[in-house]
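Student: Next come the chains, spelled out residue by residue.
Protein chains: 2
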Amino acid sequence: MSERFEVVGIGNALVDVLARIEPAFLDAQSLTKGIMTLVDADTSERIYGAMPPAVEKSGGSCGNTMAGFAALGGKGAYIGKIRNDQLGQIFRHDMAALGVAAPVAMADDGPSTGRCLVLVTPDADRTMLTYLGAATELGPEDVDEAVIQAADCVYMEGYLFDKERAKQAFIKAADIAHAAGGQVSLTLSDPFCVGRHRDAFRALVENHVDILFANEEEILSLYETRDFDAAMQAVRAHCEIACLTRSEKGSVIVSGDAFHVIDAVPVDKVVDTTGAGDQYAAGFLYGWAKGLDLATSGRIASMMAGEVISHVGPRTESDVKAAMQKIGG
Amino acid sequence: MSERFEVVGIGNALVDVLARIEPAFLDAQSLTKGIMTLVDADTSERIYGAMPPAVEKSGGSCGNTMAGFAALGGKGAYIGKIRNDQLGQIFRHDMAALGVAAPVAMADDGPSTGRCLVLVTPDADRTMLTYLGAATELGPEDVDEAVIQAADCVYMEGYLFDKERAKQAFIKAADIAHAAGGQVSLTLSDPFCVGRHRDAFRALVENHVDILFANEEEILSLYETRDFDAAMQAVRAHCEIACLTRSEKGSVIVSGDAFHVIDAVPVDKVVDTTGAGDQYAAGFLYGWAKGLDLATSGRIASMMAGEVISHVGPRTESDVKAAMQKIGG
Numbered sequence: 001m002s003e004r005f006e007v008v009g010i011g012n013a014l015v016d017v018l019a020r021i022e023p024a025f026l027d028a029q030s031l032t033k034g035i036m037t038l039v040d041a042d043t044s045e046r047i048y049g050a051m052p053p054a055v056e057k058s059g060g061s062c063g064n065t066m067a068g069f070a071a072l073g074g075k076g077a078y079i080g081k082i083r084n085d086q087l088g089q090i091f092r093h094d095m096a097a098l099g100v101a102a103p104v105a106m107a108d109d110g111p112s113t114g115r116c117l118v119l120v121t122p123d124a125d126r127t128m129l130t131y132l133g134a135a136t137e138l139g140p141e142d143v144d145e146a147v148i149q150a151a152d153c154v155y156m157e158g159y160l161f162d163k164e165r166a167k168q169a170f171i172k173a174a175d176i177a178h179a180a181g182g183q184v185s186l187t188l189s190d191p192f193c194v195g196r197h198r199d200a201f202r203a204l205v206e207n208h209v210d211i212l213f214a215n216e217e218e219i220l221s222l223y224e225t226r227d228f229d230a231a232m233q234a235v236r237a238h239c240e241i242a243c244l245t246r247s248e249k250g251s252v253i254v255s256g257d258a259f260h261v262i263d264a265v266p267v268d269k270v271v272d273t274t275g276a277g278d279q280y281a282a283g284f285l286y287g288w289a290k291g292l293d294l295a296t297s298g299r300i301a302s303m304m305a306g307e308v309i310s311h312v313g314p315r316t317e318s319d320v321k322a323a324m325q326k327i328g329g
Numbered sequence: 001m002s003e004r005f006e007v008v009g010i011g012n013a014l015v016d017v018l019a020r021i022e023p024a025f026l027d028a029q030s031l032t033k034g035i036m037t038l039v040d041a042d043t044s045e046r047i048y049g050a051m052p053p054a055v056e057k058s059g060g061s062c063g064n065t066m067a068g069f070a071a072l073g074g075k076g077a078y079i080g081k082i083r084n085d086q087l088g089q090i091f092r093h094d095m096a097a098l099g100v101a102a103p104v105a106m107a108d109d110g111p112s113t114g115r116c117l118v119l120v121t122p123d124a125d126r127t128m129l130t131y132l133g134a135a136t137e138l139g140p141e142d143v144d145e146a147v148i149q150a151a152d153c154v155y156m157e158g159y160l161f162d163k164e165r166a167k168q169a170f171i172k173a174a175d176i177a178h179a180a181g182g183q184v185s186l187t188l189s190d191p192f193c194v195g196r197h198r199d200a201f202r203a204l205v206e207n208h209v210d211i212l213f214a215n216e217e218e219i220l221s222l223y224e225t226r227d228f229d230a231a232m233q234a235v236r237a238h239c240e241i242a243c244l245t246r247s248e249k250g251s252v253i254v255s256g257d258a259f260h261v262i263d264a265v266p267v268d269k270v271v272d273t274t275g276a277g278d279q280y281a282a283g284f285l286y287g288w289a290k291g292l293d294l295a296t297s298g299r300i301a302s303m304m305a306g307e308v309i310s311h312v313g314p315r316t317e318s319d320v321k322a323a324m325q326k327i328g329g
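The listed protein sequences correspond, in order, to chains X and R.
Be aware that the first sequence starts at 1, since it is given in my numbering, and climbs by one per residue.
Be aware that the second sequence starts at 1, since it is given in my numbering, and climbs by one per residue.
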């Protein structure tokens, strides 16, 4: 493969199905507010059947990151599994339109393209029900060796660990990347996801991950501590770079002896926090890919997170490239 | 059929595919700004391929009207043709979630569910490219006699006249409705659509239509005049009720000797005029169905149009039922 990529993302390819609901809807459906739950096809259909009219758009945590990375001008690719159906075509169209290469064939049979039912309550909080669908089928055979070898960095979402074969795909990609001199980056995705796979994540962080993204809850869960500083000291021994986000308290970037405290970018009104972590990662990876210093990369990351929480939806909408250039990117 | 409907809509069932674009995109694709053009599957695919990332949601002129009618509390049904595919399921879900009965089976083969590419320029204007898809297959056999007989009024969009068999479905529905003592309502849809089918529309208005909706351009086109008053005098001889809309100049409702001038409801900012006519019709039909006087029905219609132009998208978003009750509905 002669074409090079700065970052190749691997994730669960999902189309979001968004609707506004009242909190009573969550009670009636016995759903826990504010978290992401994996559901089967029947449950997804049942909840969808009870949902108000909805809007459909491309999503997925890693998909959101690659969208933001491309919006900044980064050269990225995306590996995920979709079905050759209308939702799959929507996902692939949107990636292509963003300028993200998606060198993966669509499955002609099997489960339909995965979807995430996003239930937005009036307080702008989101309750998510993910039916992985075709993404469940993601396995090592979908990791194209040439694509990974052509990448400076492979970026993967922790959500992949919810399925054994996706986890194998993850390990395979990490091994290929390292053998080819590339870096491996991981986001822990969700404190519950960390809880489900703590030992595997710890082994991964210690043996395979060069650049780690985690929010405070996730890193505390990983090291089973309530003390942020203790978790940070633990992780710095394992990863070349760890970016630990703390919502309005900003973020901490630690890399060996280097240590940066990055302020959050203040926003007029926090409208919807979904995608904050995804876009933070997009911003940092862009800075890293361009060889910028850690502090500048962190400021770009903060800018991206600030942009995405100031409106509804997990992908950036304004001219983030111009905003990035203003802060030294 | 024991269940009764106040209004049964018949229209082209479409899923909107919306994206923001710069005017240069229209030039590059040789598209005429601000109008709706019918395109074939290949053209739809080609333009979609060139479009930025998009958002998908249920649409269709008559579908928008029935959505608004249901939002006001009206009891409606919708007849249209979709394919049993993901976009078709999205359309059907959204209708059901709105409380609109959609007693039509989904085709298991043939063209895919119709879609309308909606290109939104920074001036909030919309250029639309409609691939009718499965809607092309709508024919007389899809008009369920029992459903039409169960309706106080059948409401149809002029866009149906773009296909011969849909036109036959239209005439069949009108005949059944009249035989059962129901009313027939039509919206002219689009001045270009009127131009394409002027003679047929005139015969229809003179022989079949009880309640007509038309905007100024459409009624002028129908009677090939540049004088609004002349067009109005012509139409009042043919329809029991004619609702003629004039954008910010409000609307005129004429019914025999009765004559009402309804002011437009002022809005802070006109964000997107798409759906104004669809929602005006929804409001008027609601008042008519409830036996309200023409002036009150017209005020509800104006309220609905004002609501929908104050935000992006052709369906109402706020509590229009409460707003309607405040103005005597």
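It is possible that some hints are incorrect.
Said to hold, decoys possible - Over the 10 Å line for every Cβ pair with chain R, so calculated as not near, a few chain X residues: (1) Pro-52; (2) Pro-53; (3) Lys-57; (4) Asp-125; (5) Glu-145; (6) Ala-180; (7) Glu-206; (8) Ser-247; (9) Lys-249; (10) Asp-272; (11) His-311; (12) Arg-315.
Said to hold, decoys possible - Below, simulated DSS-like cross-link-like pairs (lysine-lysine); rule was C-alpha separation at most 30 Å, straight line: (13) X:Lys-269 / R:Lys-249; (14) X:Lys-290 / X:Lys-249; (15) X:Lys-326 / X:Lys-249; (16) X:Lys-172 / X:Lys-33; (17) X:Lys-172 / X:Lys-249; (18) R:Lys-321 / R:Lys-269; (19) R:Lys-33 / X:Lys-321; (20) X:Lys-33 / R:Lys-33; (21) R:Lys-249 / R:Lys-269.
What the hints assert, rightly or not - One-sided excerpt, in silico: chain R residues whose CB lies under 8 Å from chain X: (22) Asp-94; (23) Thr-136; (24) Gln-325; (25) Ile-327; (26) Gly-329.
Just so you know, the hints here were simulated from the structure itself, not pulled from any lab data.
Since we're looking at a predicted model, the values are computed, not measured.
Positions of the beta carbon are idealized from the N, C-alpha and C atoms, including for glycine.
Student: What hint numbers does the structure not satisfy?
Tutor: The structure conflicts with hints 1, 2, 3, 12, 13, 16, 17, 20, 23, 24, 25 and 26, although it agrees with all the remaining ones.
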